[in-house]
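Top line first, the protein sequences correspond to chains A and B. 108 is the number of the first residue of the first sequence in this note's numbering; add one for each residue after it. 110 is the number of the first residue of the second sequence in this note's numbering; add one for each residue after it.
Honestly, the hints are just simulated from the structure, not real lab data. Please note that the accuracy of each hint is not assured.
[To be verified] Just a few of them, taken from the derived set where beta-carbon distance is under 8 angstroms, the chain A residues facing chain B: (1) Ile277; (2) Leu329; (3) Arg332.
[Claimed, not checked] DEER-style ranges, computed between Cβ atoms: (4) A:Ala229 <-> B:His117: 17 to 25 angstroms; (5) A:Val185 <-> B:Gly124: 28 to 36 angstroms; (6) B:Ile125 <-> A:Glu141: 47 to 55 angstroms; (7) B:Pro156 <-> A:Gly382: 51 to 59 angstroms; (8) A:Glu143 <-> B:His117: 19 to 27 angstroms; (9) A:Gly487 <-> B:Asn238: 48 to 56 angstroms; (10) A:Thr376 <-> B:Pro156: 39 to 47 angstroms; (11) B:Asn238 <-> A:Lys411: 23 to 31 angstroms; (12) A:Glu205 <-> B:Gly230: 43 to 51 angstroms; (13) B:Ile241 <-> A:Leu296: 23 to 31 angstroms.
[Stated by the list, open to error] Reference listing, derived: stretches of chain B covered by chain A, where coverage requires no fewer than 3 residues with Cβ under 8 angstroms from a Cβ of chain A: (14) 148–160; (15) 164–172; (16) 175–181; (17) 187–201.
Only a predicted model underlies this, so the values are computations on that prediction, with no experimental measurement involved. Glycine included, each C-beta is placed from N, C-alpha and C at the ideal position.
In case you want the letters, here they are:
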Amino acid sequence: MKLSDEEKRILDGREDLARQKALELIVRYGNVVEAEELCQVSWADLFCGAHAYLDVITSNDFDELFSRMSLCTSETAVLESMDSNCLCYSGVEPDCTEVPEHMLMTPAKQRQNLDILRRFVAAGVVLSGTCIPYLTGFVPLMGEHFVSCESSAVLFMNSMWGACGNGDGIEASFCAAVCGRTPLWGKHLPANRVGTDVVAIQSEPTSIHDWDVLGHAIGSKLPPRSIPVLTGPFRRPNAIQLKSFFGALACTAGTEMCHIVGLTPEAPTLERATGGRKINEQIAVTPSDVRQSIHTLSGQGREKIDYISLGCPHYHIDEIRRIAAFLDGKRIHPDTLVDIWTAGSIKYMADRCGYTETIEQAGARVLTGSCPSSRGYPKGIRTAAYDSAKQRMSAAQETDATLFYGSQQECLESAISGFWEGQ
Amino acid sequence: MRTKRIIHGRGALGGIAEGPALISRRTITGWNGVDVYTGNVIELGHPLEGMSIKDSVLILDGSKGSNGWSVFFHAAQEAGCGPAALVFPRLDSRTAVTAAVLDVPLVTDLTEDVFDIIRVGDWVRVDGNRGIIEILG
Chain A
108 MKLSDEEKRI LDGREDLARQ KALELIVRYG NVVEAEELCQ VSWADLFCGA HAYLDVITSN
168 DFDELFSRMS LCTSETAVLE SMDSNCLCYS GVEPDCTEVP EHMLMTPAKQ RQNLDILRRF
228 VAAGVVLSGT CIPYLTGFVP LMGEHFVSCE SSAVLFMNSM WGACGNGDGI EASFCAAVCG
288 RTPLWGKHLP ANRVGTDVVA IQSEPTSIHD WDVLGHAIGS KLPPRSIPVL TGPFRRPNAI
348 QLKSFFGALA CTAGTEMCHI VGLTPEAPTL ERATGGRKIN EQIAVTPSDV RQSIHTLSGQ
408 GREKIDYISL GCPHYHIDEI RRIAAFLDGK RIHPDTLVDI WTAGSIKYMA DRCGYTETIE
468 QAGARVLTGS CPSSRGYPKG IRTAAYDSAK QRMSAAQETD ATLFYGSQQE CLESAISGFW
528 EGQ
Chain B
110 MRTKRIIHGR GALGGIAEGP ALISRRTITG WNGVDVYTGN VIELGHPLEG MSIKDSVLIL
170 DGSKGSNGWS VFFHAAQEAG CGPAALVFPR LDSRTAVTAA VLDVPLVTDL TEDVFDIIRV
230 GDWVRVDGNR GIIEILG
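One chain only, chain B, in its complex shape (with noise of 0.2 angstroms):
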């Protein structure tokens, strides 16, 4: 087990929430992107379908696709597969929407690559009140 570890940013959207990290530097299509209904990812050949946002660290490098990226994490989030709490580098107008829409803890402007430190299941803390990520295991 590594030890416990800090990254710095800015907490836009307050509250402290954890779970299992779901990471990808390739962000995920929102329409038709992701399963409302189970909240999997279904984006064709993404390093990450078939695996669920529900109750996830969701952290993404942007957005892409159709301006309706919010609606469908806003749909899975409407029933209850939605993300525990948001993690985006560095905001562009999509991912701000959709966190503004979810509300809850975001933590964005981070200092460090996040990208090379957590992987895919690393349980991660968000702390959208300090504006820090810590890496529980």
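Isolated chain A, as found in the complex (with noise of 0.2 angstroms):
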């Protein structure tokens, strides 16, 4: 690999012991993959904060779990900041941070958490607690690498900026963070952004939940390391819709790329988006698939609903304005707990449109900063619901609840009634 005098500055370990550390994995992982060269990363989007993966070690001693755990070395190095040309967010927290008072870590995690957060803070990273960075300030533009731990981030940047990032995960992003450079591979080449699949869409997606369900009708028929080209006729979404669209996506087939012909930069018209190659055959996407999924994904019959998690990705604010218009004067059923999760920054305007006050009243909660996949589940939850496909997929993992999934509006009917009244 083709290193520059700067690279080889750092790899000698002169300067700093975090930066050699996070240089060499990147070197490493460069070499798998057969890069010749690295490239400037200037933005990160990092999962920091005291989350569960982390429990292995057992040592409370940030720099050693860092050293440990983010640059993949036993050596103890001391982090004193993250590459000053890259601009640092610290992703989803383990926890509803900014409202304690539902929190579900004991205190002692609590406390170990925010020394955590404090340390990045130290070391210049902003504290987002969001999943949809590209919502709240995370813009890299065309052709701007970015690392993001969020697969959903990923493939948004990817598709509708035309930035370039992977979605190679939590250590290759900090390590990214720390020396500034990621392998220059991937994503991150105009020649592997093209796409490889064409995707006739043939039912009707017009709501944000036949965004999302398509999405995973989609994913599930993508063959591995595919970049689908989708082709419609069909009504053109929205970012909203695209943002739910794009978590259903990423989670069902790991996908990082997707061109929307006539709508996403890179795809003008479907032969610019497959670079000039003839594909002859179309992978067809029918209602008949939609219904498949919705059918995949939820459970059966109109069972008691104990939780309700909305808001993954997280939400937009105009999503929640449409819950505060549903549930003005409305009363939620006592025996099913309503969590509506967003970004920090986006509950600070629900606040000041009053629809959290509106939300509260009718016994919703508007948390902040994660989701129950990153902090887990209020005990005695037997049944559960979702609006997102990849929130109900991620929760065959983390619950042995029985699982719903609809749409916002039929999750909402359900919080009334306390019993599922989606499909």
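The two chains are supplied separately, each in an independent frame; assemble them into the complex guided by the hints.
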């Protein structure tokens, strides 16, 4: 691999041990994928906090924890700062730190979490507390290189903005943020961003829920490592619908990039989207595929619902506005717990608009920073419902509860009656 | 016992290791798909559910689910339950990072369909220096 003089200097270890170890991991990663050189990373969306996977290390020492689990070294390096040219977000947190009365973490864990977050702030990381960095000021422009620990965010920013990032995960993101570099390979190279499969959408998606289901239906039909090119005719989706769509698609198929002809910047035409390559076969996604996805994701019958979690990916302010409008003057069933997840900066807007108050008066909660996948489930939950295919699929690994899936409207109607009102 | 069989590929991380094959064309969900304290696959309904990645030669076709794929294999390794070697017929960004993080022998870019050749439990040696996989029995 071709390394710059500065990169060689960092690897010499005379500058800073953390930077050296971070770059060593990046170079090893680059060699694994036969990258010819590294590229400068200017945006990093991380996964900061006392997350459960770190429990395998019994030490409470931040530097030991960070060195072993993020820099991937048994030597303990002290994290002074992230790369000065890289803007860093903390990403999803392990619990709703901003509303301590609703946290599930033990007090000891809460202290450890805050200690960890403080160290990251000292190193220059912004506490974003969200899985939708792209709606809260994390804006890598076309051709800029980013890293993100959030699969749906990688798919969104590659597809909608033409920014360049791989879904390479937590350690690689931390190391890239510390040394400011990542291997120049995968979606960082234009040649690897062209469409590989043409997907003919034969359903007629119009709502957020339609697009969420469609993400699962397409993801279930794609071959590994596919870059789908969506062709219509269908009504042009907006960014909120695409947020749900990309969440479901990334989770189902590991997709990192998706072209939509006439909408995404690298797909003005089908020909441009495929890089001039003619793809004769099409993957058709039919109304029957969509029905099959709903059937796969939702439980059957009108069961009593213990828990409803909404806001995966974290809600846009308009989705919260709609919930407030629906719940205004209504009362959620006393046996049903309803959590609505968003970013802290979006909740600030919801507070100012009075949405939070309306929602709380109805008996639901607006929570920030996290979600059930990171913090776990309240005790005694036997049935749970979601309006997100991504959250529903993750939940299968996280809880023994019977799981239901439907639109936001169906979830809210269930919240009022206390029974599943979806299909 | 079958005769020794060799499969060729690219050695992407050096070293030699051997162990029982844990192989599936259907990849494992990383996020909560592996119990890090035992190495057991806990993804419901997965063909390898209940089997352990510990000291195995882990052979999977890619990754799926969350970007947090590598951390579960990494945490299992920290708990002494990581795989001995890795075989990914083709790399994607999650599998490549997982290999770099675990830093165990890795062979990729295979010339044959390994899923038709190796079965769960076959004793396999992975030579990351020469880019070959030997089925020893």
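A quick look at each hint next to the structure:
| no. | hint | verdict |
| --- | --- | --- |
| 1 | Ile277 | holds, 5 angstroms |
| 2 | Leu329 | violated, 11 angstroms |
| 3 | Arg332 | holds, 6 angstroms |
| 4 | A:Ala229 <-> B:His117: 17 to 25 angstroms | violated, 50 angstroms |
| 5 | A:Val185 <-> B:Gly124: 28 to 36 angstroms | holds, 30 angstroms |
| 6 | B:Ile125 <-> A:Glu141: 47 to 55 angstroms | violated, 21 angstroms |
| 7 | B:Pro156 <-> A:Gly382: 51 to 59 angstroms | violated, 36 angstroms |
| 8 | A:Glu143 <-> B:His117: 19 to 27 angstroms | holds, 24 angstroms |
| 9 | A:Gly487 <-> B:Asn238: 48 to 56 angstroms | holds, 54 angstroms |
| 10 | A:Thr376 <-> B:Pro156: 39 to 47 angstroms | holds, 42 angstroms |
| 11 | B:Asn238 <-> A:Lys411: 23 to 31 angstroms | violated, 60 angstroms |
| 12 | A:Glu205 <-> B:Gly230: 43 to 51 angstroms | holds, 49 angstroms |
| 13 | B:Ile241 <-> A:Leu296: 23 to 31 angstroms | holds, 29 angstroms |
| 14 | 148–160 | holds (count 3) |
| 15 | 164–172 | holds (count 3) |
| 16 | 175–181 | holds (count 7) |
| 17 | 187–201 | holds (count 5) |
The structure does not agree with the numbered hints 2, 4, 6, 7, 11 stated previously, though it agrees with the rest.
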